[in-house]
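Use the sequences and the hints to build the structure in full.
So the chains spell out like this:
There are 2 protein chains.
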Amino acid sequence: MTERENDEMVVTPWEVRGTVDYDKLIEQFGVQRMTPDIPEKIASHAGFMHMQLRRGVYISHRDTDWWIGEHEKGNNVGLYTGRGPSGHVHLGHLLPWFFCKYLQDAFDAELYFQMTDDEKFLHYDELSLEEAIGYTYDNALDVIACGLDAERTHIFSDTEHIQHLYKIGLRVAKRVTYSTAKAVFGFNDSDNIGMIWYPALQAMTCFLQSDREGSNIPCLIPAAIDQDPYWRMTRDIAEKLGYYKPAQIHAKFLPGLGRGGKMSASQPETAIFTKDDPDLAASKVIGAFTGGQPTVQEQRERGGDPGICNVYAYYYFLFEEDDGALKRMEEDCRSGALICGDCKARLAGKVRAFLIDFQEKREKAKDRLDDFLLK
Amino acid sequence: MTERENDEMVVTPWEVRGTVDYDKLIEQFGVQRMTPDIPEKIASHAGFMHMQLRRGVYISHRDTDWWIGEHEKGNNVGLYTGRGPSGHVHLGHLLPWFFCKYLQDAFDAELYFQMTDDEKFLHYDELSLEEAIGYTYDNALDVIACGLDAERTHIFSDTEHIQHLYKIGLRVAKRVTYSTAKAVFGFNDSDNIGMIWYPALQAMTCFLQSDREGSNIPCLIPAAIDQDPYWRMTRDIAEKLGYYKPAQIHAKFLPGLGRGGKMSASQPETAIFTKDDPDLAASKVIGAFTGGQPTVQEQRERGGDPGICNVYAYYYFLFEEDDGALKRMEEDCRSGALICGDCKARLAGKVRAFLIDFQEKREKAKDRLDDFLLK
Chain A
442 MTERENDEMV VTPWEVRGTV DYDKLIEQFG VQRMTPDIPE KIASHAGFMH MQLRRGVYIS
502 HRDTDWWIGE HEKGNNVGLY TGRGPSGHVH LGHLLPWFFC KYLQDAFDAE LYFQMTDDEK
562 FLHYDELSLE EAIGYTYDNA LDVIACGLDA ERTHIFSDTE HIQHLYKIGL RVAKRVTYST
622 AKAVFGFNDS DNIGMIWYPA LQAMTCFLQS DREGSNIPCL IPAAIDQDPY WRMTRDIAEK
682 LGYYKPAQIH AKFLPGLGRG GKMSASQPET AIFTKDDPDL AASKVIGAFT GGQPTVQEQR
742 ERGGDPGICN VYAYYYFLFE EDDGALKRME EDCRSGALIC GDCKARLAGK VRAFLIDFQE
802 KREKAKDRLD DFLLK
Chain B
442 MTERENDEMV VTPWEVRGTV DYDKLIEQFG VQRMTPDIPE KIASHAGFMH MQLRRGVYIS
502 HRDTDWWIGE HEKGNNVGLY TGRGPSGHVH LGHLLPWFFC KYLQDAFDAE LYFQMTDDEK
562 FLHYDELSLE EAIGYTYDNA LDVIACGLDA ERTHIFSDTE HIQHLYKIGL RVAKRVTYST
622 AKAVFGFNDS DNIGMIWYPA LQAMTCFLQS DREGSNIPCL IPAAIDQDPY WRMTRDIAEK
682 LGYYKPAQIH AKFLPGLGRG GKMSASQPET AIFTKDDPDL AASKVIGAFT GGQPTVQEQR
742 ERGGDPGICN VYAYYYFLFE EDDGALKRME EDCRSGALIC GDCKARLAGK VRAFLIDFQE
802 KREKAKDRLD DFLLK
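Sequences listed follow chains A and B, in order. For the first sequence, my numbering gives the first residue as 442, with consecutive numbering after it. For the second sequence, my numbering gives the first residue as 442, with consecutive numbering after it.
Please note that the accuracy of each hint is not assured.
Put simply, identical chains are the same to the list, so a pair is met inside one copy or across any two.
[To be verified] For lysine-lysine, the following BS3-like pairs were computed, each having C-alpha atoms within a straight-line distance of at most 27 Å:
{"#": "1", "residue 1": "623", "residue 2": "608"}
{"#": "2", "residue 1": "482", "residue 2": "805"}
{"#": "3", "residue 1": "816", "residue 2": "482"}
{"#": "4", "residue 1": "542", "residue 2": "816"}
{"#": "5", "residue 1": "608", "residue 2": "807"}
{"#": "6", "residue 1": "608", "residue 2": "816"}
{"#": "7", "residue 1": "791", "residue 2": "686"}
Please keep in mind that the hints were generated in silico from the structure rather than gathered at the bench. Note that the structure is a prediction, hence the values are computed from the model and not measured.
Rendered as structure tokens:
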């Protein structure tokens with residue numbers, strides 16, 4: 442059996458491993474494949490097409506077209522995304538948050554940002570509640586540093602803001618049987634009763650803005666596709682509770698710097714954290730897995746393969762805004778004109794500069810945190 | 442098959458029906474039978490033995506002797522009881538609350554009083570959350586009217602005070618598997634995920650005072666025996682969380698005015714509610730099932746049976762403080778000297794007077810509600 446065959450894909454809200462096959466996920470999860478009209482419509486409202494849309498980061502969705510249509514009718518629309526605060530934030534986490542900022546501006550939308558510290562505490566044996574809450578406030582600085590609008594962004598912790606959440610959570614929970622939760626999330630008898638309750642709390646955020654504003658407001662969730670089971674469950678009960686079904690737009694995972702897989706906080710050497718010392722981050726890039734040949738000479742002769750290269754992926758997803766430059770880089774790699782050392786050194790410089798800038802914004806976010814927290 | 446044989450005993454936190462066999466319950470639930478030393482010790486601290494103790498209302502317990510011992514060592518001890526606010530309060534509910542007032546005074550104890558409006562909402566299909574919360578505040582007036590001390594009593598609603606409760610609830614929930622909850626409460630796959638979570642919230646109150654005060658405070662729960670499954674579960678995890686196991690003292694159910702069974706809010710004609718018009722309540726007493734004979738003449742000849750008489754039970758549990766008078770009443774009933782009409786008329790007068798007084802206290806409680814709510 443080859444390494445590849447053994448590398449079974451597992452994508453659940455609590456675990457992503459193996460080589461992710463998005464076509465298979467789209468089919469398994471029963472979501473809609475992205476079609477060109479959606480990025481085009483979004484771009485028409487934003488004034489430009491976000492790099493993530495041009496690059497195909499968003500591979501599938503549910504009812505995003507409907508959500509845009511509601512905005513076009515002049516109705517308020519809202520956004521919801523979140524973060525499981527079990528560690529520090531890495532660049533992979535930032536992708537949907539940058540995208541939320543773009544959507545917030547384009548659609549003049551309130552964003553409800555959920556920090557699921559209860560879920561993380563309940564899931565990880567060794568994580569204390571104090572630690573999870575600590576990460577909530579620490580990670581919130583990263584969210585703010587992405588440039589979101591304080592007036593229209595509401596960051597909340599499940600544990601610290603529960604008084605705003607519990608009642609809607611109960612309304613959701615009353616509609617979800619254990620049987621359904623088991624089918625959707627694969628719960629079994631040895632799971633704790635907090636984990637079994639928790640989906641109600643993740644689902645309720647879809648209705649939080651509607652509940653607070655007293656009118657039915659379409660909600661779009663930009664998030665990685667591993668969170669889809671929650672929305673499948675939520676969509677089944679939304680109308681019974683008098684709300685619209687939440688819409689979703691699903692991102693790919695940003696690859697890690699190790700071979701295959703996504704960037705993962707559980708493999709710190711393969712992830713660039715926003716709090717990393719910029720020089721350390723640069724050195725992680727220098728040590729990254731690439732699609733290049735073992736020697737410079739072989740690279741010159743046979744060229745590299747950007748399709749399996751994590752360094753290329755970084756340029757692609759985050760660090761090369763210019764489509765023409767990206768295309769030239771790809772061609773130069775394949776032809777052997779570009780060698781990995783140079784390519785990595787340039788990325789390392791970009792990552793370094795990015796972190797210096799981001800960390801400055803993150804530092805400033807400390808004074809603005811309170812403006813962003815749910816009231 | 443006689444009516445009696447068909448009248449199978451069912452005692453769970455959500456349902457009590459059939460003829461309650463306390464001996465069987467004590468055995469089934471694995472609790473300790475009450476022994477005379479416990480009422481005596483309590484009385485020695487209170488300065489007198491409460492009528493409910495003299496009359497054997499408290500039939501079993503867990504570790505009540507230990508809890509008293511902790512107080513005797515000079516340690517702080519606490520009390521916890523509660524109410525499922527799904528309707529109006531009847532006299533049966535008041536029994537443990539009066540007893541809590543007695544214990545609060547005797548042991549200088551803080552009382553945490555939980556209104557489980559989340560549970561009631563989750564359990565009853567037709568009950569809205571607004572209704573359950575409405576009952577919380579309405580029922581709280583009854584609790585206060587029982588004479589508790591505002592300084593040492595903390596009434597809270599699961600939904601309205603969740604910010605004080607959720608974190609401890611999560612710590613409990615992380616320790617309880619679905620498997621355990623299923624075994625203890627008989628959950629099945631069609632139960633909603635809120636009900637499955639809820640035991641964590643009822644359990645956490647055992648630790649609430651300790652958590653708030655930052656020291657381990659022994660907790661005693663005076664409550665009807667149907668709530669025991671919660672404490673069985675809680676005792677299993679208490680020490681893992683760093684707390685003492687909660688102690689319990691279990692009350693019998695006050696019989697309803699219909700034949701057999703407890704007084705039940707779901708059978709309003711058999712229950713006297715604290716908000717009943719005193720005249721209506723008196724007329725319910727007049728219509729009560731008794732242990733008397735069909736006619737006055739037969740009663741005079743053969744006497745009645747106080748052992749099956751609900752009117753006698755009312756005197757016994759609540760309305761005849763004087764043990765000698767109660768004994769004479771019993772003897773006069775058995776001999777035929779006392780006939781039901783007279784006995785009921787006298788009770789009706791006592792119930793009427795009780796309600797007039799209680800309703801006045803209840804009215805005054807409206808101005809004091811805020812002093813009693815958990816801060």
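Now the hints, each set against the structure:
1. 623 - 608: both (23 Å within a copy, 24 Å between copies)
2. 482 - 805: Classified as neither: same-chain Cα gap 34 Å, cross-chain 63 Å, threshold 27 Å.
3. 816 - 482: Classified as neither: same-chain Cα gap 33 Å, cross-chain 50 Å, threshold 27 Å.
4. 542 - 816: Within one copy only: 20 Å inside, 38 Å across.
5. 608 - 807: Between copies, since 25 Å is at most 27 Å while 30 Å is not.
6. 608 - 816: Answer is both; intra-copy 16 Å and inter-copy 19 Å each pass.
7. 791 - 686: neither (40 Å within a copy, 58 Å between copies)
When held up to the earlier numbered hints, the structure conflicts with 2, 3, 7 and fits the remainder.
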